[in-house]
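S.K.: Each chain, letter by letter, is given below.
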Amino acid sequence: MPCTKRFFLSRTTILSLILLVLAAVTLGALVPQKFITGQVELEKWRSLHPSLTRISDQLGLFHIYTTPGFAVILLLVCISLGISTVEQGKAAWRKTFNNSPAGEPVGAYPVPSETAAQILRECRYIRTAPGTLRFVKNPWGYWGSFSLHLGMLVCIAASLLITVTQQRGSSDLLRGETHLPGAPWEGEERGLLAGTLVLPEPVRFEGLHLGYERGSVKSVASDLRFGADGSAGTTTQAAINAPLKHNGMTIYQGNEYGHAFIVEILSPTGELSRAAYSLRFPSRIHDAGYNDFRIPGEPRLLQAKYLPFASGKPLALHEMSVTLRLAENGRESGRLTLRPGDSGVLGGHRIRLLEVREWGRLIFVRLQGIEGVFAGFLLIVIGAALTYCTPPREAWLIDQGERVLLSWRSSRFAELYREELESVIHRLEQER
Amino acid sequence: MDNQTALYVTLNWIAVFLYVLATITNAVGIIFARELPEKRSYWLAAAALLVHGAAILHWWRIVGHGPYMAPSEVLSSDAWVTLAAFMVFVRIYPRIRPASILVFPATFLMLALANMYNPGIRSLPTTFGSVWLIFHIAFYKISLATLVIALAFSLFVLLKMRPNPAPWLARLPEIPTVDLYAYRFAGFGFIFWAIAMLAGSIWAYRSWGRYWGWDPVETWSLITWLLFGVYLHLRHFFRWGGKRAAWFYLACFAVSLVALFVTSHMGSSIHAEYFK
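Taken in sequence, the protein lines are chains A and B. Count along the first sequence starting at 1, add 1246, and that's the number in the working numbering. Count along the second sequence starting at 1, add 372, and that's the number in the working numbering.
Don't read these hints as lab results, they were simulated from the structure. Cβ coordinates follow ideal geometry from the N, Cα and C atoms, glycine included. Watch out, some of these pointers could steer you wrong.
[What the hints assert, rightly or not] DEER-style ranges, computed between Cβ atoms:
(1) A/K1464 <-> B/V400: 36 to 42 Å
(2) A/A1429 <-> B/I506: 34 to 40 Å
(3) A/E1423 <-> B/W586: 42 to 48 Å
(4) B/G492 <-> A/G1306: 39 to 45 Å
(5) B/W540 <-> A/K1280: 53 to 59 Å
(6) B/F609 <-> A/R1370: 51 to 57 Å
[To be verified] DSBU-like, lysine-lysine: derived pairs with alpha carbons at most 35 Å apart:
(7) A/K1280 <-> A/K1290
(8) B/K615 <-> A/K1383
(9) A/K1464 <-> A/K1559
(10) A/K1251 <-> B/K615
(11) A/K1559 <-> A/K1280
(12) A/K1383 <-> B/K532
(13) A/K1383 <-> B/K411
(14) A/K1383 <-> A/K1336
(15) B/K615 <-> A/K1341
(16) A/K1280 <-> A/K1551
(17) A/K1383 <-> A/K1341
Build out the structure end to end from the sequences listed, making use of the hints.
M.R.: Here it is as structure tokens:
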């Protein structure tokens, strides 16, 4: 066996690689990662751990999964897994279909070999090939390690493909709004070799459907119309737990949705502006939805609150009101409640509520390779189950004329199958 | 506290009482080699499971979702599944009966801890309406059960290998057999943990298009799985056994508890949004 192959198949190498992956993932868990940690939280961690911050910056620990070091570890793991998978496949084939040296001799029994063979068959041992006296129980168990390792390899390969090619974009749309091809996304992620996700056609958010049960939202679905021509386009729906597949993309209904209050603001200096204050639907229908905003030129925080339900019934859009309050250092300096069409003054700003519309977040994803990931998952589970739940047990019968010699071996956990062997022996002894 | 909640709490405390009785009877049976108390303890445990199960079902009817939202629900269902799975495994592998000396008290401790929490009604987030979530949660609970059994046998190994082991330990199977059961059930735990993790990935992909986001819960779950992978490799390829393997297993088990019970409360995790 060439040196390289021997190196990658050695137990020490395999264990070292697993430990390296484990170390990298653990560091990724202990050091906040830039791609999932907010800037404020990251800065807080940095200020609390200045010495760790220096080391983390040098070693790239804030983005450990995109460091060259992690890429090298992953490459070595893939090489080792690949070679190991091939070797294990060959070994599994040999063990399943070819003869192998007999296991530990158990005893000699004065019964014809065919009788002994019948007893083994009744104990669910399968003859591996005609003309041989080798029997195996659960021969599929030989393929456990192969399946487990192949599954991991397929998963890693598919994940790498996704990492470099994935395209994701999220957009918060008000009812009636359209996301045009090429328009910027509210949130975007793309693979290392992928460009920005561009929709093949416009998507218009036509409305939100909420289903309720036991005081909370049970289902959320968005009506979407595709196509440049509003009247001729196709209308369909994306819902939570029921994503929509359309034109090579998958469209998810985000968990963020609610009502947007469209206001017109006249500042004390006479500037007129419009804003849409989008508030999230509360988790329980009788609770309020909240959000914070900023009025341009106003140093105080604008806090908004609304109630989508009243007297146990959902409010119509024209009945919904929003309560706005200005706050400074946690203290309220003004409050205003508006219904559609109402206006009032808050902190010197004249605010008029024009209308209320539903809003929802839609997530557009283009992924290649996800089927590989799930195929890998299935192989991993099958492999682990075969390895630990169905270890093969082998029995050999050596014909010695008027008696037969029994040998037996278990690939794993031999002691746990001692009773099974004793049961076979007992039956052979009864046949005397 | 309204009547429905009072009934739930009462049933839980009755179950705790029965579990405690089962634990004491079981310990007496095992430690003093008395077959009758040991057998009776299983009847008590079965009765406790029934009462406990009734409490879970009653609360399920009240809140309208399974026992996986509030901390009290999670701990309570973990306790129930741990003991129920043990009862099933005992039928398949009768020689694991001695593990009851750890499984029974672990069950009542989890339920007692659950009862310390306010059994608040949490609404089910919309994304939780998926069968993959059920698989995800169920297999983590089953995995916990097998890991507790493996923990029991790892502790038996350590106790039996002490210079002057307690006399009752001599009635357990020999060290190699006890060690083997620890290995076997760690293997089961590895499988179920893998299924749980992967079911969670499928659920996440169906819910928001991302099968893996390096969320703290996901990451620590992967760390746990890799650690168990190291344990199994050391066992199989380096023939680790006895004390070394037992101590290593204890460390793996501690990490699994962090993954199961601590990380879901980390603010930065998407799971924390649901368990506030």
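S.K.: Hint by hint, note whether the structure agrees.
M.R.: Outcome of the hint check:
no.	hint	verdict
1	A/K1464 <-> B/V400: 36 to 42 Å	violated, 50 Å
2	A/A1429 <-> B/I506: 34 to 40 Å	holds, 38 Å
3	A/E1423 <-> B/W586: 42 to 48 Å	violated, 32 Å
4	B/G492 <-> A/G1306: 39 to 45 Å	holds, 43 Å
5	B/W540 <-> A/K1280: 53 to 59 Å	holds, 55 Å
6	B/F609 <-> A/R1370: 51 to 57 Å	violated, 29 Å
7	A/K1280 <-> A/K1290	holds, 13 Å
8	B/K615 <-> A/K1383	holds, 32 Å
9	A/K1464 <-> A/K1559	holds, 15 Å
10	A/K1251 <-> B/K615	holds, 33 Å
11	A/K1559 <-> A/K1280	violated, 43 Å
12	A/K1383 <-> B/K532	holds, 34 Å
13	A/K1383 <-> B/K411	holds, 34 Å
14	A/K1383 <-> A/K1336	holds, 19 Å
15	B/K615 <-> A/K1341	holds, 33 Å
16	A/K1280 <-> A/K1551	holds, 32 Å
17	A/K1383 <-> A/K1341	holds, 12 Å
When each numbered hint is compared with the structure, violations occur for hints 1, 3, 6, 11.
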